[in-house]
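A.B. asks: Starting from the known structure of chain A, arrange chain B on it as the hints suggest.
Line order of the protein sequences matches chains A and B. The first sequence begins at 1 in the numbering used here and counts up one residue at a time. The second sequence begins at 1 in the numbering used here and counts up one residue at a time.
If you are wondering where the hints come from, they were derived from the structure by calculation, not from laboratory data. Being a predicted model, the structure only gives us computed values, none of them experimental. Glycine is no exception: its CB is placed at the ideal position from the N, C-alpha and C atoms. Each hint should be verified, as a subset may be incorrect.
[To be verified] Computed from the model, here is a short list of chain A residues facing chain B with C-beta under 10 Å:
1. 77
2. 96
3. 99
4. 110
5. 129
6. 145
7. 172
8. 255
9. 286
10. 290
11. 292
12. 293
13. 298
14. 300
15. 302
16. 304
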Amino acid sequence: MTIAPREYDFEAARRRLEAKPKAAGPKLVSLEAAAALIKDGDHVAIGGCLYSRTPLALVWALLRRRPRHLTFSRNLMCYEGEWGMVAGAVDKVVTSWMGIGLPWGLSRIQREFVEAGRVEFEEWSHLGLGLRYRAAAMGVPFLPSLTMLGSGLMGVGGSRMVECPYTGARLHAVPALFPDVAIIHVQRADRLGNCQIDGYPHMDGDIARAASTVLVTAEEIVDEDEIRRHGDRTVIPGFTVDAVAHVPYGSYPHECYGAYDSEPEHFTTYVEAIQQRGAGGVADYLERYVYAPGSHAEYLALFGESRLARAAERGRMLTT
Amino acid sequence: MSVTASELLAVMGARELRDNTTVFTGVGAPMMASVLAQRSHAPGLTMMVEGGVIGPMWKPGELPISTNEMRAAYRAQALPGITDAFLLAQRGFFDVGFIGGAQIDRHGNLNTSAIGGYARPKVRLPGSGGANDIISLCREVMILTVHEKRRFTERVDFVTSPGYLEGGDARRRHGLLFGGVSRLITTLGIFGFDNEDHRMEVLALHPGCTLEQVREHTGFEVLVSPRLTTTKPPTDEELAILRMLDPARQFIG
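Chain A on its own, in the form it takes in the complex (with noise of 0.2 Å):
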C-alpha cells in the first residue's frame, strides 16, 4: 500500500488553492525561473503523454538543478522516468506503462531500478490514474469506477472499494492525486498563461487544475487579444497557472502536434547506447545532453537547424 493519505486529502488542497493569489498580472519567465519553484521532495504530474507534447524543456530544466526525492507521475512514462532515475532524482514513479514504444522494448532502466528496490514503482490501470488527477481536478477525494476491479492493480497503490448509495453496487473508489507541482508544454499561451492546445489535450487540463504549482512551456507567446479570438481552444484558463516560459521546441526530440514531429532515430540511438552500457548509456547522455548545454537553445543545437526544420516540416504534413 503505497498512496499517502496527502495525495487524497481534498480539504489541505483546497486550502493550498485558496491561499494562493489568482492575480490576473504576467506570468512570463525564464525556463530556469520556473524549474526553480519545483522543490525537493515535490510530487510532479508531467503532462503530454508518452513522445507526445512531453514538457521535456521543463524536465531538463529541472533535472540540470540536481533535485532529489521527487516523484514523477504520468500517465505513460516515456524516457524522462529513466531520466530521473539514473539522475537520481526520482524516488518514486506513478504511471500505467513504462517504455517508448513496441520497436524499443522494454525499458532496460525501469527494469533494472526496479527489480532491484532502488524506485518505488506504483501501477495504474491508464484511466485509473486519468481518474485519479481527474478527481483532484474536481476537487473531490475519490472518484467511483468500474475499472481495474478483481485485478492485482487494486492491491498495489491500496485502493479501496465503496458502496453506491442508491444502487448498492461496489464500485473502485479510485483516491484523488493532488500533485505538488505539474508541468506542460503547450502550443500557444499568452502572459498572463491562459494556454491553448492543438490535437490531443491528453490529461494536462486535469493536472493543470490538481496541482498546487503549475509551471507552463509554450512554442509560441501570444497577444491577449489572440487567446481572445479563440477563447473555445483556450484548455488551461491562466488562474490556474503559476509560472509560464517561452520555449521553442519545447517538447523536442518529443512530438508536439502540428508544430514537430517526433525523432525516432534519436530514441534508437538512445536506447542503443543502454544496450551496450546500461544505465551508464544514460548516464553519457545526461552529460553531453542535458548537463553539458548552456542553455536550452545550445541543446537545440545540438540537433541542428536542419534536423529541427525537417521535424517541423513532417508535423505539419502529419496534421494537414
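C.D. replies: Positioned in the frame of chain A, the structure of chain B alone reads:
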C-alpha cells in the same frame, strides 16, 4: 510470399469484427486487424485508440507506433482526451476491445506487469497501460497473441488485466458487471471461453495446425470444442490490403 505470424493474427482478428460496430484498438496487430476489417467487410467500423482518438483514417505507410502520436490522430473525427476516451468505454459505447498480453492463463487473465513476485520481480514488464481498462469496460474483448508455451501458463504471476479471474461468476463477484473475453486469437487457432467455468476452449485451428501443437505450446489443459473447425487461410485480397497499408513491413513482419 508466405504468411507471417503478424499477418495471420491481423487477418483472423479482422474477420471477427462486424460491420457497424465500434472497436477499442491498440497499435500493432490490433491496429492492422481493425483497419483490414474496415477496408474489407466492415466499412462502418469505428475505431477508438487509447490516446484519445475517434475514427482516424490512417495513411498507408504512415501507421502509428504509439497510440497517442500525430500519425494515430490522422484525420480523426474527434480527439476527446485520454480519460474521456476510456470513460466512453465505461459508459458502454465499445462493442469490442482488442488487446495483447505477455502471459495468459486458462481463464483469459493477462499479465503485463511482472514475472516473479510483484514487489521485487524477476522481470519488470511495462505495465497495464490501457489493457486493464479495455478488458474491464468493453462489451467483449478479443486477445491477439503469438502462441508460445512461456506465455500460456497455468497461473499468471500477476493479474494485470482480468479475464474471468478464478472462473465461473468471479468477474461479477468482483464488481465487473459487464464484458469478458470472447475470443483468444493465436498463431495456432481461435479459442473461446463460452462454457460455465469460462475455461479456454479451442474452437478452430488454423490450416496446418494441430491439437498436438496446441497442447505442446500451452502450459495447462485446453478444452476442445465438440464442433472443432479449421479456419480459412488468409486470402490474397486480405494480404494485399495489409501489405498496401504497411509497405515497409514494420508491423506485419
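A.B. asks: Need the list of violated hint numbers for this structure, in ascending order.
C.D. replies: 9, 10, 11, 12, 13, 14, 15 and 16
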